[in-house]
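First to last, the protein sequences are chains A and B.
All residue numbers for the first sequence refer to the numbering used here, where the first residue is 4 and numbers rise by one.
All residue numbers for the second sequence refer to the numbering used here, where the first residue is 43 and numbers rise by one.
Careful: at least some of the hints might be erroneous.
Rough simulated footprint, nothing fancy, chain A against chain B, three-plus residues with beta-carbon under 8 Å [as the list claims (entries may be wrong)]: (1) 175 to 188; (2) 225 to 233.
Over the 12 Å line for every Cβ pair with chain B, so calculated as not near, a few chain A residues [what the hints assert, rightly or not]: (3) Ser31; (4) Ser36; (5) Glu45; (6) Val46; (7) Arg49; (8) Asp58; (9) Thr67; (10) Ser79; (11) Gly90; (12) Ile97; (13) Pro102; (14) Gly109; (15) Glu126; (16) Ala128.
Pair by pair, the computed Cβ-Cβ distance ranges are [to be verified]: (17) A:Leu33 to B:Ala324: 28 to 36 Å; (18) A:Asp32 to B:Ala349: 17 to 25 Å; (19) B:Asp366 to A:Glu126: 15 to 23 Å; (20) A:Ala77 to B:Arg343: 40 to 48 Å; (21) B:Val182 to A:Glu126: 48 to 56 Å; (22) B:Val338 to A:Asp32: 24 to 32 Å.
Derived by calculation from the structure, the hints in this document are not laboratory data.
Everything numeric in this text was worked out from a predicted model, so none of it was measured.
Even for Gly, the Cβ is constructed at its ideal location relative to N, Cα and C.
Now for the letters of each chain:
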Amino acid sequence: MSARAATTSLLLAAILSACGAGSPPVVSDLALSSLATRAGEEVFARFVATDPDGDLDQGSVIVTLAREEGAEGAPSRALPIEGVEEGETRLPLIVGLTPPEGAAPGDYEVIIEVSDNEGVTSEPARAPLELLPRALRARR
Amino acid sequence: MTRSAGLAGLTLASVILPLTLLTPTHARACGGFFCSQTPVVQVGERIVFAFEDGRPVTYVELSYRGTDPSFAWVIPVPEPPEIEVGVGQGMFDALDQQTQPIILGPTALASPASAFADGASCGGGGSDGPSSLEARFVPVPEVEVLQSARVGPYEYVTLDAEDPFDLNTWLLVNGYRVQPGSDAIVGAYLDEGMKLLALKLAPDATATEVEPLKLRYAESDGCTIPIRLTAIASTPALQIVVWVFGDSRAYPTSYREVTVDPLNLRGPLDYGPELARVVDEAGGHAFVTEYARASVFLDDRGDPTLAKLIAENAYVTRLHTELDPEEMTIDPTFETRLGGEDVSNQLVAGRPIAMGGGSMLALLGLGLVVARRRRAS
């Protein structure tokens, strides 16, 4: 093989290798059903997950509820994505999330990330959510 | 569509869900209440069916008690309507003042207490939730969005779907409160070809009360109140007052027409219980016609909406009923018919005031005292 052919092959292999590593998914159009909720009350997050590689099946959605000052230590859940048609590149999704009992009232963020089946994770999408104090029980 | 055939295709169902109110408020709106915390319930509604510019229109005003950080108003409709808000408040008050029953009797010359008494404020309690973040996938619902817009402080959509669960799921994930157990009733309306109009307070809007709605349709085939959805979150004894403007007197068709006999009244305070009694005797599906007369006898009190209705509709009928949630199984419908007689809202109470035993003894004692003094003198 000539040097030129070898270089071309190496270059082609590098390009193919980069494609095979997978482009990260993208989370877009994130919207919450409510701007405020209470601990123990479900709120819904609607968003669209796209992946040009079409490898969302067997990936996962990571949902985090974080105080605005940071996501470290914040409660989080990972939901496996299943049943997606092979090659599907765009997936509308709805996630219901329930803030944990004991979560302090205040300003939070709902953070949505999507990982494909190769573990490549999207940039986080964020939406503000206010956690209201628990309501008083009515007297009867 | 001819007006002589009766009011065409006005269909209204009201299921209201408390809006974003942070303080106890006697708000006025119509529908079944779906709220995040119980109890927030509908206690009454006032409705006007009429023609404006030759098209059927409906004005709806609800009364409810309770507070809730979010609520939505869900109304089965025959077609996506044109919607206005904040119109008709003055009209409802002017109509009520001029057409409500006036009981003339030995105890007082006054009208019965308003059917829309203020309610106490209530709050709901939180439930014990999970100790960690719970999350789940929700299937994306298959729903057709027929219209989506904003009017005043409200966002609204009109939806159609095959499956009521899908429709309610769509409402839920898009921020409209949905009451558990409403799937079956919503499904019944969808099976009848109705669509679902849902309104909620826009995120950037603030409201201290729910404003009346005006709904206008392209065409319709009857005056109907879709009351079945209201059963989900209504108090017992929901007061419904309907004014039907048209060419002639209106009558209930799916409900019976009953009357309050003034001979059974001692005074104004007897009217409400007596109305409830005669409606109950008819199985709960009955209206009392409280007023029926040519609309020229109404004073618009400076309200332009009422002035227009008076100008364009020759006659007005006021009908009133009281329904318990378990009685909300049939939607009331109305039609106008020529040749009906006027109905006065003035009733002369004819029941004598019965004296209890204590009163009799007191009178007897007084008589004895008077007799002794006379003998002494």
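Hints and how they fare:
{"no.": "1", "hint": "175 to 188", "in the structure": "holds (count 8)"}
{"no.": "2", "hint": "225 to 233", "in the structure": "violated (count 0)"}
{"no.": "3", "hint": "Ser31", "in the structure": "holds, 15 Å"}
{"no.": "4", "hint": "Ser36", "in the structure": "violated, 4 Å"}
{"no.": "5", "hint": "Glu45", "in the structure": "violated, 8 Å"}
{"no.": "6", "hint": "Val46", "in the structure": "violated, 9 Å"}
{"no.": "7", "hint": "Arg49", "in the structure": "violated, 6 Å"}
{"no.": "8", "hint": "Asp58", "in the structure": "holds, 18 Å"}
{"no.": "9", "hint": "Thr67", "in the structure": "violated, 8 Å"}
{"no.": "10", "hint": "Ser79", "in the structure": "violated, 6 Å"}
{"no.": "11", "hint": "Gly90", "in the structure": "holds, 19 Å"}
{"no.": "12", "hint": "Ile97", "in the structure": "violated, 4 Å"}
{"no.": "13", "hint": "Pro102", "in the structure": "violated, 7 Å"}
{"no.": "14", "hint": "Gly109", "in the structure": "holds, 15 Å"}
{"no.": "15", "hint": "Glu126", "in the structure": "holds, 19 Å"}
{"no.": "16", "hint": "Ala128", "in the structure": "holds, 15 Å"}
{"no.": "17", "hint": "A:Leu33 to B:Ala324: 28 to 36 Å", "in the structure": "violated, 54 Å"}
{"no.": "18", "hint": "A:Asp32 to B:Ala349: 17 to 25 Å", "in the structure": "violated, 47 Å"}
{"no.": "19", "hint": "B:Asp366 to A:Glu126: 15 to 23 Å", "in the structure": "violated, 55 Å"}
{"no.": "20", "hint": "A:Ala77 to B:Arg343: 40 to 48 Å", "in the structure": "violated, 58 Å"}
{"no.": "21", "hint": "B:Val182 to A:Glu126: 48 to 56 Å", "in the structure": "violated, 23 Å"}
{"no.": "22", "hint": "B:Val338 to A:Asp32: 24 to 32 Å", "in the structure": "violated, 56 Å"}
Hint compliance for this structure: hints 2, 4, 5, 6, 7, 9, 10, 12, 13, 17, 18, 19, 20, 21 and 22 are broken, all remaining hints hold.
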